[in-house]
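Position chain Z relative to chain B; hints supplied.
Residue numbers (the numbering used here), protein chains in the order written: chain B, 1 to 304; chain Z, 1001 to 1253.
Treat the hints as calculated values from the structure; they're not laboratory data.
Do not take every clue at face value.
To be verified - Once the Cα atoms are required to be at most 25 angstroms apart in a straight line, the calculated DSS-like pairs of lysine-lysine come out as:
hint, chain 1, residue 1, chain 2, residue 2
1, B, Lys63, Z, Lys1078
2, B, Lys122, Z, Lys1078
3, Z, Lys1078, B, Lys147
4, Z, Lys1192, B, Lys63
5, Z, Lys1192, B, Lys57
What the hints assert, rightly or not - From the derived model, a few chain Z residues whose C-beta atoms are all more than 10 angstroms from chain B:
hint, residue
6, Ala1033
7, Ala1037
8, Phe1081
9, Val1096
10, Phe1111
11, Ser1125
12, Ala1132
13, Leu1158
14, Val1171
15, Phe1172
16, Thr1181
17, Pro1184
18, Lys1192
19, Val1242
20, Asp1252
C-beta atoms are modelled at their ideal positions from N, C-alpha and C, and glycine is treated no differently.
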Amino acid sequence: MIEAIGLTKRYGNTVAVDNLSFTVAPGRVTGFLGPNGAGKSTTMRMILGLDRPTSGKVLIDGKPYTQLDRPLRTVGALLDAKWVHPNRSARAHLDWLAKSNGLPGKRVDEVLDLVGLTKVAKRRAGGFSLGMSQRLGIAGALLGDPKVLLFDEPVNGLDPEGILWIRQFMQGLAAEGRTVLVSSHLLSEMALTASDLVVIGRGKLISQSTTTEFVERSTENAVRVRSPHADKLGAMLVDKGFTVREGEDGALTVTGATSDQVGDIAASAGVVLHELSPQRGSLEEAFMQLTGDSVEYHAAETGK
Amino acid sequence: MTLLAVERIKLFTTRSPWWCMVLALGLSIGFTAIIAANSTEGAMPVVASAFTHQFGLMVIMVMAALAITTEYRFGTIKATFQAVPDRISPLVAKGVVVALLSAVVGLLVGFGSWGLSWLIVSDRSQLALESANDWRHVLGVSLVFAAGSLLALGVGTLVRQTAGAVSIILVFALLVENLVTLIPKIGDDIQKWLPFTVANKFVLGEADSSGLPEGAGPPVPGELSPWGSLAYFTAIALAFFVVSLVVAKRRDA
Chain B
1 MIEAIGLTKR YGNTVAVDNL SFTVAPGRVT GFLGPNGAGK STTMRMILGL DRPTSGKVLI
61 DGKPYTQLDR PLRTVGALLD AKWVHPNRSA RAHLDWLAKS NGLPGKRVDE VLDLVGLTKV
121 AKRRAGGFSL GMSQRLGIAG ALLGDPKVLL FDEPVNGLDP EGILWIRQFM QGLAAEGRTV
181 LVSSHLLSEM ALTASDLVVI GRGKLISQST TTEFVERSTE NAVRVRSPHA DKLGAMLVDK
241 GFTVREGEDG ALTVTGATSD QVGDIAASAG VVLHELSPQR GSLEEAFMQL TGDSVEYHAA
301 ETGK
Chain Z
1001 MTLLAVERIK LFTTRSPWWC MVLALGLSIG FTAIIAANST EGAMPVVASA FTHQFGLMVI
1061 MVMAALAITT EYRFGTIKAT FQAVPDRISP LVAKGVVVAL LSAVVGLLVG FGSWGLSWLI
1121 VSDRSQLALE SANDWRHVLG VSLVFAAGSL LALGVGTLVR QTAGAVSIIL VFALLVENLV
1181 TLIPKIGDDI QKWLPFTVAN KFVLGEADSS GLPEGAGPPV PGELSPWGSL AYFTAIALAF
1241 FVVSLVVAKR RDA
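Chain B extracted, bound-state conformation (with noise of 0.2 angstroms):
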């Protein structure tokens, strides 16, 4: 169980982690769900007491991660994979780790044996391919045996086979009871991945909620509408409540109304439609269209 109380962190006038409250439950996998730069590297280094939080507080099972004795037997963490001494060999980089909580070194081999590294665990890390560099990772968040596992955009990079060993690993994880964090900004995978949700924009909190109401919520009712009059139905739809977001070839993509209404609306006016179609909108476009007023670089910012 992780639970963030009014977590924030400034660095100078940014607010990386704004006011952010969440809990994260035992016995399934958790997506931390945000576009990059929204603060979940920064949030999950707070859990695990690497950066201060500026105010607010974030306990694991009630204690702040500082106070936990040998905390490795309670949080695993994997969040950068390339943290490695890479003329380290793979087994000793377990050594130092598992020695300094107090596992024993058979706990070393048992978790080489789980990833499928132990042919080549006397290999330098640095040698190592990422999908291998992942595995250690892993390998090291479980050496503890523990009940609260993180994981930072774990699927990285990764070729299809290792992105479904990944999967496979945290659900089997969570399945064992286990509290399970997995970051990322990819909306797609973790409604394969994690069955609760906690959204973040900006550093602040957008939703928390299962997957599948998170996206049911965020899918429903999109319309598609091309008009020649395109400003003044959107003006009108607008007025009505309605969500309404231009795209680039003129159309307007409506939420929160059905096609009926967004009909009704243009007849009552007289506007002339060319297309009026409900849509089934992309999870990616819904996720986009959520966080859409918190991304921190815009593309056409970056460009200027």
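What follows is chain Z alone, placed relative to chain B:
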């Protein structure tokens, strides 16, 4: 004790500490051998076998700085703080391991340099270890290496970057402390109180140097007695180390 074992594993499972140790021994003892082979003007005194310990000191400090800057470079410091969140104890453990190792290398440099000189020179009359000062020239190297490694570890922890930490240490020790004498009037007085000059006084100062030709060997300025010099140098090293602990504890990993 466990954390000492952890830091020992970390240090010995990468290659750079081994290279540094070999280099520290090779440079110091090797140059001493050259001095010994060329010591034709009278008998070689004990202190002359310690002249080159500064080569080893520089290399050992690079090793100590690397021990922490590579942890920052490769992110293993985060894994370390994740495993031991109080931060102070793993860093102190690293300090102990690095200082002990440096002391051992210093011991080998001190005795190795002296021993090789003993084998090489023809006139050993001044080379026997007879007085307390003679022993200080040989064993002192070990103490200075230990203190110097803590100083370098402190600087490395504060700077967090290999290039930055190594340049600061080497530029200060090799250039600043020598060029400071160029400042008119006060330059010499400042130099007397700079850490590596003082450390040098501990190892080389107040030699029973009847066999030493006038003006031979490096200059040994300093106001303090040799042992006072060691206390001064160690205090500075510990101050850097302690400040680095406080900073590492407070800032984000």
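Going through the numbered hints above, which ones does this structure break? Give me the numbers in ascending order.
Checked against the structure, the hints that fail are numbers 4, 5, 8, 20, while the rest are satisfied.
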